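Sequence order for the protein chains is A and B. Quick note on the numbering used here: the first sequence kicks off at 1 and runs consecutively. Quick note on the numbering used here: the second sequence kicks off at 311 and runs consecutively.
There could be a bad hint or two in this list.
Label-pair restraints from in silico Cβ distances [claimed, not checked]:
1. B:A326 to A:L55: 48 to 54 Å
2. B:F323 to A:V164: 32 to 38 Å
3. B:F323 to A:D197: 18 to 24 Å
4. B:S371 to A:W298: 34 to 40 Å
5. A:T283 to B:G416: 43 to 49 Å
6. B:A324 to A:V164: 50 to 56 Å
7. B:G354 to A:W298: 32 to 38 Å
Not everything, but these chain A residues come out facing chain B in the computed CB check (under 8 Å) [claimed, not checked]:
8. N203
9. Q205
10. G208
11. W212
12. R213
13. P221
Think of the hints as simulated: they come from the structure by calculation, not from any bench. Treat the numbers as computed from the prediction; the structure is a model and nothing was measured. We treat Cβ as the ideally placed atom computed from N, Cα and C, and that holds for glycine.
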Amino acid sequence: MKDSTAGGLVQDSPTDPAPTDATPTVLTRPGDAKPARSRVRPGALLHRSWVLFLLRTGIVVVLLGAWQIGVDTKAIDKFFWGEPVGVWQQLVDWVTIGTSQGSLLDQILVTLEEAVLGFVIGSVLGIVCGIALGRIRLLSELFGPFLKAANSIPRIILGSIFTVAFGFGVQSKIILAVVLVFFGVFFNAFQGTREVDRNLIANAQLLGASRWRVTRDVVLPSAFTWILASLHISFGFALIGALVGEILGANQGLGLLIRSSQNNFTMDGVLAGMVLVAVIALTAEALITVLENRLLRWRPPQSHGGAAVK
Amino acid sequence: MAAIELRSATKKFATADGGTYTALKDISLTVEDGEFCAVVGPTGCGKSTTLTLVSGLERASAGAVLVRGEPVTGIDTSTGFVFQQDAVFPWRSVLDNVAAGPTYRGARRSEAHALARDWLRRVGLTGFEDRYPHQLSGGMRKRVALAQTLINQPRVLLMDEPFSALDVQTRAIMSTELLHLWDETKPAVIFVTHDLEEAIALADKVVVLTAGPGTVKAEFRIDLPRPRVVQEIRFDPRFTRLYEQIWEALRSEVQEAYDRTTRVTQVAS
Ligand SMILES: Nc1ncnc2c1ncn2[C@@H]1O[C@H](COP(=O)(O)OP(=O)(O)OP(=O)(O)O)[C@@H](O)[C@H]1O
Ligand SMILES: [Mg+2]
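Between the sequences and the hints, there should be enough to build the whole structure, so can you do that?
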């Protein structure tokens, strides 16, 4: 892995942002997750989005249909792979009857609490540390190697330690989520701080800004494009932290639900859990996009960025 | 005591290959308080570098740089700097951009905003308070930058091609406006430009720099009467005479700089 300019602290190779914990966290570039705004007539746009929606629905129906037919014709073994009808039935049961661990809502709320708290704490820590190390050379020289080393170990293993050390409650899951979120946000905040236009800093200083005001008024907003890019995938990490923590040992939560379904060999339950997790992840993603658009209102519409997956 | 004084100042930059590049060599220049000094010279001769030395953004490698008699040791907030590149804050509205200086200097928000509105009126941007910089034209952004700097009423004002993004007409109007504003507080000005006409129309003194490494080639006193109207002064016969004299000094330097760049490309190709 080659070192980039920023004190060798940041990996610079653009890689798959999929949350695979075995690989070290890499930078998420600003604009990666930013949908390119198209300049088409609103009418045509509406028409287009309807057609797209119908096509997408069609794809889902075909896939699920094929799966169900496969199961009905015994081409697919539903013991191993579940079936759409069964997944749906499982969801209905969970909602109407409840789960073995209590009401479904409680499970969702527990997992959400862990993921959201982990996400918030990890992000805030990442932003503060990233900017501090980006601004204060001594700190980055001192702690840079440690952070790089910490980033290169598969952190998911820490889940086992946290479960033993902090118990089956929410605490151990939150800590795991924090650890997973922190690095992505940290490296982006650090890089964003290094990329701040030096002219803007010089201008602020000449206008009379103190060092703290420069950090708050110039560095933070300009690093925010980088930071927000990392927040998109960070919630995914937080969710993974919460779920893995629950699978490793918990009294409550969606991860436990998935785990017990697996233990009972009900694949429909595992898949139903996955569906719920996906809904949570997509909702969070939408909320983060809203936040991004609010915070980055000052930015000109992006013309680059390629075709973004919406 | 001169407002700005460079005494045989030299600036060397470290280059990527480990050597040094001399951008300025033994440059000596004095600007009195209330004097408007224009600096012209071929591209890359070190005009911007001169300003960074005076503002304290960079330190001279040798020689002395004094502002109001004191050696420059760092950024002095009584110096105003209008940058060559865009340096307004893209995430601040026009009003907040102009109000930045007073806010940083401890003014209350409401005071800063009232002052900023007044300056936006002076640079002709009333009605654009709530826009973001990317929603403005290049010329409007330059005017925001101007208001942002002038609102602090600097005693030393450094301007690096502030009007280069403007069309000829707006440029003339803004130049006249700048002279009015300058007349109100009379700071010492170093105004960098490529446009010799602009330099003569505005300045008390025009300094011609040599092709890099930059040093002062010649100084010309511009004794055209004030107040001046930039659009009209160029028809003055004295203006034409000064233009010819200064162009004579500048031409060989521009030619030299041009030859050098083309020579390099020939070698490279
Ligand atoms: N930070 C730097 N590092 C290395 N070289 C530099 C640096 N800043 C400027 N130079 C070099 O110093 C020389 C003078 O640069 P400067 O920006 O002062 O030119 P200028 O006269 O303002 O040119 P222009 O009219 O095109 O703006 C140039 O050759 C430039 O390449
Ligand atoms: Mg320049």
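Index of numbered hints that the structure contradicts, given in increasing order: Hints 2 and 11 contradicted; others consistent.
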